[in-house]
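K.L.:
Please build the complete structure, drawing on both the sequences and the hints.
In this note's numbering, the protein residues as written are 741 to 935.
Hint data in this document are derived by calculation from the structure and do not stem from the laboratory. From a predicted model like this one, the values you see are computed outputs, not experimental measurements. Think of the CB as a built atom: it goes at the ideal place given N, C-alpha and C, for glycine as much as any other residue. Treat the hints with care, as some may be off.
[Unchecked claim] In silico DSS-like pairs for lysine-lysine, Cα to Cα no more than 25 Å straight-line:
1. 849 to 765
2. 842 to 779
3. 849 to 896
4. 875 to 849
5. 766 to 849
6. 896 to 782
7. 894 to 773
8. 766 to 782
9. 779 to 894
10. 749 to 779
11. 766 to 878
12. 805 to 782
13. 875 to 896
14. 849 to 779
15. 896 to 878
16. 765 to 749
17. 749 to 773
18. 842 to 805
19. 875 to 773
20. 849 to 773
21. 749 to 766
22. 749 to 782
23. 878 to 773
24. 766 to 896
25. 749 to 875
26. 842 to 878
27. 878 to 749
28. 805 to 779
[As the list claims (entries may be wrong)] Each pair of labels, with its calculated beta carbon distance range:
29. 868 to 906: 20 to 30 Å
30. 746 to 910: 17 to 27 Å
31. 753 to 922: 39 to 49 Å
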Amino acid sequence: MISASDQPKNYFDRLSEVINQLDTKKISELISKIAFFSKTDKTLFIAGNGGSAAAASHMSCDLGKTILSGDSASDRYWLRVTSLVDNVPLMTALANDFGYDKIFSEQLKGLGRQGDMLIVISASGNSINILELLKIAKAMGLHTYGLLGFDGGKAKDLVDDMIIVPSQDYGLVEDAHMIVNHLITDWFRNQNIRQ
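P.N.:
Have a look at this one:
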């Protein structure tokens, strides 16, 4: 058993080990994809459950605020970004009428267009509503990306590309997903400051 005084170092050591195993090439590719989408008239959708829902909301806020801030120079990065977890009344209505597995996919049917992008955030990669969302997104012609954990779960077979955090610990996976979010946001902030 780890003492309370040893817990911070123990956790930070485990988090550092997980972060050092992340595929930096995949993170760079995701930045490039989002940058490409920011120069189009397309929308980036983000979804997740539980802690990953909070991460989806946080990522939507960070990308939207960072990319939209500043002057209106045409060469800046602009991004239409929507979190599918933020409209609680709509989510509960969809859960009531269609089932919890459809709370994201039914929203996407009304909002998404061919060529849009979807990022799903999931530690296990096995949440039924995330899998249903990915199936609908593929049928609609969206580019799909996963921020996943564990072994990627069933979602890894449904996304076009992914970053898998190699850990079985929900906390470490969620922390790493937020670090990826802040890394991406930091890149856009620096690009827009220079322009």
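K.L.:
So, for every hint listed, does it hold in this structure?
P.N.:
For each hint, the structure was consulted:
no.: 1; hint: 849 to 765; in the structure: violated (32 Å)
no.: 2; hint: 842 to 779; in the structure: violated (30 Å)
no.: 3; hint: 849 to 896; in the structure: holds (22 Å)
no.: 4; hint: 875 to 849; in the structure: holds (11 Å)
no.: 5; hint: 766 to 849; in the structure: violated (28 Å)
no.: 6; hint: 896 to 782; in the structure: holds (24 Å)
no.: 7; hint: 894 to 773; in the structure: holds (23 Å)
no.: 8; hint: 766 to 782; in the structure: holds (22 Å)
no.: 9; hint: 779 to 894; in the structure: violated (31 Å)
no.: 10; hint: 749 to 779; in the structure: violated (42 Å)
no.: 11; hint: 766 to 878; in the structure: holds (21 Å)
no.: 12; hint: 805 to 782; in the structure: holds (17 Å)
no.: 13; hint: 875 to 896; in the structure: holds (12 Å)
no.: 14; hint: 849 to 779; in the structure: holds (23 Å)
no.: 15; hint: 896 to 878; in the structure: holds (13 Å)
no.: 16; hint: 765 to 749; in the structure: violated (28 Å)
no.: 17; hint: 749 to 773; in the structure: violated (35 Å)
no.: 18; hint: 842 to 805; in the structure: violated (28 Å)
no.: 19; hint: 875 to 773; in the structure: holds (20 Å)
no.: 20; hint: 849 to 773; in the structure: holds (22 Å)
no.: 21; hint: 749 to 766; in the structure: violated (28 Å)
no.: 22; hint: 749 to 782; in the structure: violated (43 Å)
no.: 23; hint: 878 to 773; in the structure: holds (17 Å)
no.: 24; hint: 766 to 896; in the structure: holds (14 Å)
no.: 25; hint: 749 to 875; in the structure: violated (41 Å)
no.: 26; hint: 842 to 878; in the structure: holds (15 Å)
no.: 27; hint: 878 to 749; in the structure: violated (42 Å)
no.: 28; hint: 805 to 779; in the structure: holds (16 Å)
no.: 29; hint: 868 to 906: 20 to 30 Å; in the structure: holds (24 Å)
no.: 30; hint: 746 to 910: 17 to 27 Å; in the structure: holds (21 Å)
no.: 31; hint: 753 to 922: 39 to 49 Å; in the structure: violated (20 Å)
Of the numbered hints listed earlier, those contradicted by the structure are 1, 2, 5, 9, 10, 16, 17, 18, 21, 22, 25, 27, 31.
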